[in-house]
Each structure stands twice: as structure tokens, then as C-alpha cells.
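**Q** Given these sequences and hints, build the entire structure.
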Amino acid sequence: MNKKVLKIVQVIFVIVILNLSFVSAGVGIKWDRESALVNEGEKTCLTYNVYNPWPEASYVAIEVSDDFGELKEILTEQESEEKLIPAETSSAEAIPIKFCFKVPKVYERNCLVGSFICEQKCNEEQKIYDGEVSVKSIPPPTDIGGSGGSTTSMAVSAPLKIRVNCNAHSRDFTLIYVLLALISALIVGIIIYRKYRKQAIERDKEKLKKLQEKINKSKKQKK
Amino acid sequence: MLKKETGLILVFGFIFIFSIAMILIQNLPSTDVSLTGFATTGTAVSNVTISKYLSISMSSNLSGGILFGSIDTLPAVNLNASGNNNSGGSSSFLINVSSDSNTAVDFCLKANADLYDSTGGNTLAIGNESYANATTTSASIPVLSQEVSFTTSYVKAGEGIGIGNGSYYRFWLDIPSGTASGTYNNTISFEGVETGTSC
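Read top to bottom, the protein sequences are chains A and B.
According to my numbering, the stretch in the first sequence is residues 1041 to 1263, in order.
According to my numbering, the stretch in the second sequence is residues 5 to 203, in order.
Since the hints were made in silico from the structure, they are not lab data.
A portion of the hints provided could be inaccurate.
Each computed BS3-like pair below joins lysine-lysine, with the alpha-carbon atoms no more than 25 Å apart [to be verified]:
1. A:K1201 with A:K1161
2. B:K56 with A:K1238
3. B:K8 with A:K1138
4. A:K1161 with A:K1123
5. B:K7 with A:K1254
6. A:K1201 with B:K160
7. B:K8 with A:K1250
8. A:K1257 with B:K56
9. B:K56 with A:K1112
10. B:K7 with A:K1201
11. B:K7 with A:K1235
12. A:K1257 with B:K8
13. B:K7 with A:K1249
14. A:K1083 with A:K1123
15. A:K1263 with A:K1250
Residues on chain A that point at chain B, a partial pick, calculated with CB under 7 Å [unchecked claim]:
16. G1068
17. G1188
18. Y1217
19. I1227
20. V1228
21. Y1236
22. K1238
This one's a predicted model, so the numbers in the text were calculated from it and none came from an experiment.
Built from N, CA and C at the ideal position, the CB exists for glycine as well.
**A** Here it is in C-alpha cells:
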């Protein structure tokens, strides 16, 4: 009987040990959109839900995958946060992670000076960029000894199609108006400064002096 | 003199105000508002959100790294990684798809670079490291004859892995004679995507 119990305990122990070797942190992604319409030159934020139904907590970061499509090449200013996803976080309790990026100006513009005083006609077809948003599990540092080997990393991805909106507009003279406003404000400022830089008595004295000169001049002319 | 100054202030003051007004006009958001009257129709919002979700996990042997141990004799061909043959001869390198997923998963694999010895500055070409995958494991599965060399681009290695199932891997390394001694490392990445989509 005792031997039987011992055998059962041994079997359970082996099963537990075997299972432990298969237990690890994991990562999961939940998404409800595979495309987004964004304005060129503007910052856009998307939210992806991340979960971890596995028995160990894991640190994750979100980014555009650099392996597929041209999406990563056009996105600038990618911002995302790293988050700790607790163990046993089910898809129903998925934690939202915000992921922000900026799409540069991708449509042709007709500019008079550099990238200023531009007009945009939007005659081109809508530009669409395919790619993937990837949630990466950040692995703990691994010590690779001996003659070597490979550390491993894990990620899950969702497809993302970015459709860039083109905003047609007539020539933008804002720069010219800004310059005009600055110059005119400067001139008005100089005139007012020159006018009021001396004290009122001194200004009156100068006026009086000029008047006297005028009177003397007219007296001379009469003589 | 007084009149001249006042005149200049008036002219440039006007230009200033005009410029500010034009800046505002140019940068006002355009609003296309159409007015309708006597509306008799109503609207009801129809809303549905379709979510997809998938989760994967590596076995602890796999997350601990793919280790090839110490080699004393070169060349070495098809060197087994330490988890290739667990007790009973099966592989302990496994990636699982969680039962808390609603789509089957394709797995993609890549290496970041050649294996590199940072101390000696030597490299071991990426093509020397290879893998094979299967949905089951035994002493002979995954099988060496189906080995595929690593590349730096993702390649599908395990497709249509169902919810709650997994994919087993074995890894091998060739070390040509003449390879300088050292510890060579790189990083292998595993990616899970919805089945049928690109890596």
C-alpha cells in the first residue's frame, strides 16, 4: 500500500516537474481594428489591449514591426509605454496600451518658398501603408555560456493598414502675413518709442523751440 | 511732424491688424454646415465591435535560451541544443497558443544577426543555425531532415496552430573547422500572428 502511495506521489512529482518546464510568461494581443484613417503631418494614437493568461507576469512593449510592409519606414515619432501585465490576465480583462505615432506629409505640395506658402490639390490616389503592430515580451537577461547559443524573444502581432488622408487647401500665405504683422508692429513700435522716449517737459520744450523758430522765420519774412 | 508720425502709425497699425485677421482666416477650420429644416427622419446607431485575440507562451526551456554547450572538437555538425532531447527523447522547446484565444496562430521565426563573439570579435554565419518544427514531439520529431536555416527575416514555422495547441521545435548548430574559440551569441525571435496573415 505504502509503495503504491509512493509511486503515485512520484508520478505526480514528475508530472509537476514536467509541467513546470512548460510554464512560462506569455503575451497576448486583442484588437478590434485593422486599419486607421490618419491626417498627414498629425500625431495619431491607437489603443491595443494586451493580456497574459499565463501563470507568470510579463513586461511588454508595443511597436510597429520592422519586418513586414512599409509602415515602419514612414512613421515618425513612435511613442509607446512599457507595461507589466500580471499573470492570469484574461482577454476579458485585457489592459489597454496606447501607441502613438506621427505620419509625415506624404502627398505632393506646390510650395513657393521651401516648404512655405504651399497649396495642396490632392490629385493623387489615397496612400495606404501596410504593416503590423507588435506586442513584444521583454525577456529577462539570459546568461549564455559554453560555446554560445541564442537568447529568445517573443511577440504577437496584429495587422495594421494606415490610410493617409489628404487635406486639399489653397495657397497658404500665413508666413507672409506673419512677416507683415511683425514688420508693421516693429515700425509702429519704433515710432512710438522715438516719440515717447523723452519726458513730457522735454518734448514740450522741443515743440516750443520749433514754434519759436517758426515765428522768428515768419517775422523775418514779413520784414 | 506730428501728423506724419500719426499717419505712419495708422498705416502700419492697419497693416498689422489686417495681417492678424488674415492669419486667423487662413487657419480657421473650414466648416461645411448645411442647414436643413422640417426634418422628419430619425436615426438609430448601429454598433458592433468584432475583436480578435491571441496569446502565446514559450516553454521555460525555450525562454531560457537555446544553448549548445561547450565544444572541444571541430568541425561540429548538427550539434543539438540542450533542450532538443528531454527525458524520453522529446523536445522541450515549445510555443503554446492559449485557450484564451479566438483565432488559430501562425508562428514566425528569425534571427537578429550572425552569431557573434563579442570578446574575440568573430562571427559564425547565421546559416549554421537551423531548426525544424512539428505539432507533436518524440525522439524523432521534429526531424533533422526537415531542418531550415535561420535568416534575418521572419519565416513561417508552424502554421494554423489551433487554440490550446502548440508547436515543438528543435535547433541545431554547425561549427566549421577553423572557427575561433569563443562564446557566440545572437537572438532568435518568435512571433505569433493570426493564421493566414503575413509575418
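**Q** Hints first: check each against the structure and report whether it holds.
**A** So, going through the hints one by one against the coordinates:
{"no.": "1", "hint": "A:K1201 with A:K1161", "in the structure": "holds, 24 Å"}
{"no.": "2", "hint": "B:K56 with A:K1238", "in the structure": "violated, 76 Å"}
{"no.": "3", "hint": "B:K8 with A:K1138", "in the structure": "violated, 61 Å"}
{"no.": "4", "hint": "A:K1161 with A:K1123", "in the structure": "violated, 43 Å"}
{"no.": "5", "hint": "B:K7 with A:K1254", "in the structure": "holds, 17 Å"}
{"no.": "6", "hint": "A:K1201 with B:K160", "in the structure": "holds, 21 Å"}
{"no.": "7", "hint": "B:K8 with A:K1250", "in the structure": "holds, 16 Å"}
{"no.": "8", "hint": "A:K1257 with B:K56", "in the structure": "violated, 96 Å"}
{"no.": "9", "hint": "B:K56 with A:K1112", "in the structure": "holds, 23 Å"}
{"no.": "10", "hint": "B:K7 with A:K1201", "in the structure": "violated, 65 Å"}
{"no.": "11", "hint": "B:K7 with A:K1235", "in the structure": "holds, 12 Å"}
{"no.": "12", "hint": "A:K1257 with B:K8", "in the structure": "holds, 22 Å"}
{"no.": "13", "hint": "B:K7 with A:K1249", "in the structure": "holds, 18 Å"}
{"no.": "14", "hint": "A:K1083 with A:K1123", "in the structure": "holds, 22 Å"}
{"no.": "15", "hint": "A:K1263 with A:K1250", "in the structure": "holds, 20 Å"}
{"no.": "16", "hint": "G1068", "in the structure": "holds, 3 Å"}
{"no.": "17", "hint": "G1188", "in the structure": "holds, 4 Å"}
{"no.": "18", "hint": "Y1217", "in the structure": "holds, 4 Å"}
{"no.": "19", "hint": "I1227", "in the structure": "holds, 5 Å"}
{"no.": "20", "hint": "V1228", "in the structure": "holds, 5 Å"}
{"no.": "21", "hint": "Y1236", "in the structure": "violated, 11 Å"}
{"no.": "22", "hint": "K1238", "in the structure": "violated, 14 Å"}
Hint compliance for this structure: hints 2, 3, 4, 8, 10, 21 and 22 are broken, all remaining hints hold.
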